[in-house]
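Here the sequence shown is numbered in the working numbering, starting from 178 and rising by one per residue.
Simulated from the structure, these hints should not be mistaken for laboratory data. A couple of the hints might just be wrong.
If you anchor each label on the Cβ, the simulated ranges turn out as follows [stated by the list, open to error]:
no. : residue 1 : residue 2 : range
1   : G262      : G347      : 31 to 37 Å
2   : N187      : P384      : 17 to 23 Å
3   : Q292      : S201      : 37 to 43 Å
4   : A385      : Y202      : 27 to 33 Å
Glycine is no exception: its CB is placed at the ideal position from the N, C-alpha and C atoms.
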Amino acid sequence: MLAIIAAMQNEADTLLSSAQIEQSYTEHGKRVWEGEAFGVPFLLILSGIGKSNAAAAAMLALTLGADRLLGFGAAGGITAQAHIGALLCMRRAVQYDFDLSAINGMPVGTLNEYQTPYFPLDIDERFPCGTLASADKFATGKDAALLAELGADVTDMEGAAVAHVAYAAGVPCRLYKTISDNAAENSPREYAENLRIALAALRDNMPAILQGAYTNE
178 MLAIIAAMQN EADTLLSSAQ IEQSYTEHGK RVWEGEAFGV PFLLILSGIG
228 KSNAAAAAML ALTLGADRLL GFGAAGGITA QAHIGALLCM RRAVQYDFDL
278 SAINGMPVGT LNEYQTPYFP LDIDERFPCG TLASADKFAT GKDAALLAEL
328 GADVTDMEGA AVAHVAYAAG VPCRLYKTIS DNAAENSPRE YAENLRIALA
378 ALRDNMPAIL QGAYTNE
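Given the sequences, and given the hints that come with them, work out the whole structure.
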């Protein structure tokens with residue numbers, strides 16, 4: 178079963194607006210929809226914002242029988258390919274607000290049980306691909322040096338947590354991010370101004386996203 182995780186209702190609506198819903202319910206505090214869109218059966222979970230919410234939703238998806246995970250939503254862009262309105266598929270994800278370097282000497286983002294800060298993801302070569310950096314905050318100019326060091330193209334507040342759960346469970350995972358702002362000091366204002374553009378890009382590409390994730394193309 179394909180399970181989809183979206184942080185916010187307006188992101189979920191880019192799929193729900195084209196879906197035939199069979200049932201909806203609340204499970205462990207998360208809103209869940211089961212249905213079909215563009216010929217693809219799916220389970221959609223509204224996670225809420227932040228990495229702990231995203232991880233909880235990903236675990237719920239696995240509990241409900243998911244054998245592959247898909248995430249999508251708005252994000253901040255860093256590199257030239259991640260311009261406002263662009264849609265990217267993530268090739269790997271890292272938690273840039275997780276730091277045990279003072280204890281184990283490992284790079285920022287590296288959990289104690291792993292040797293690398295990056296969680297690999299399935300890629301969709303029909304879209305530009307890049308590195309996603311996640312944290313429980315909006316990225317600002319103060320984060321620029323670290324994000325550059327990590328090779329980040331895009332920032333968000335959920336994706337790396339979903340990638341972590343998928344990697345630990347051994348299930349394939351794809352993450353698509355549409356760019357609503359530049360990851361800088363004025364990112365909250367840009368986000369509010371450009372969210373409509375970002376969501377339109379996500380909605381327009383939803384058939385390709387859903388069908389590609391379902392068939393693993």
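To see whether the hints hold, each was checked on the structure:
1. G262 x G347: 31 to 37 Å: The hint (31 to 37 Å, Cβ to Cβ) holds, given that G262 and G347 are roughly 34 Å apart.
2. N187 x P384: 17 to 23 Å: holds (19 Å)
3. Q292 x S201: 37 to 43 Å: holds (41 Å)
4. A385 x Y202: 27 to 33 Å: holds (29 Å)
Of the numbered hints listed earlier, not one is contradicted by the structure.
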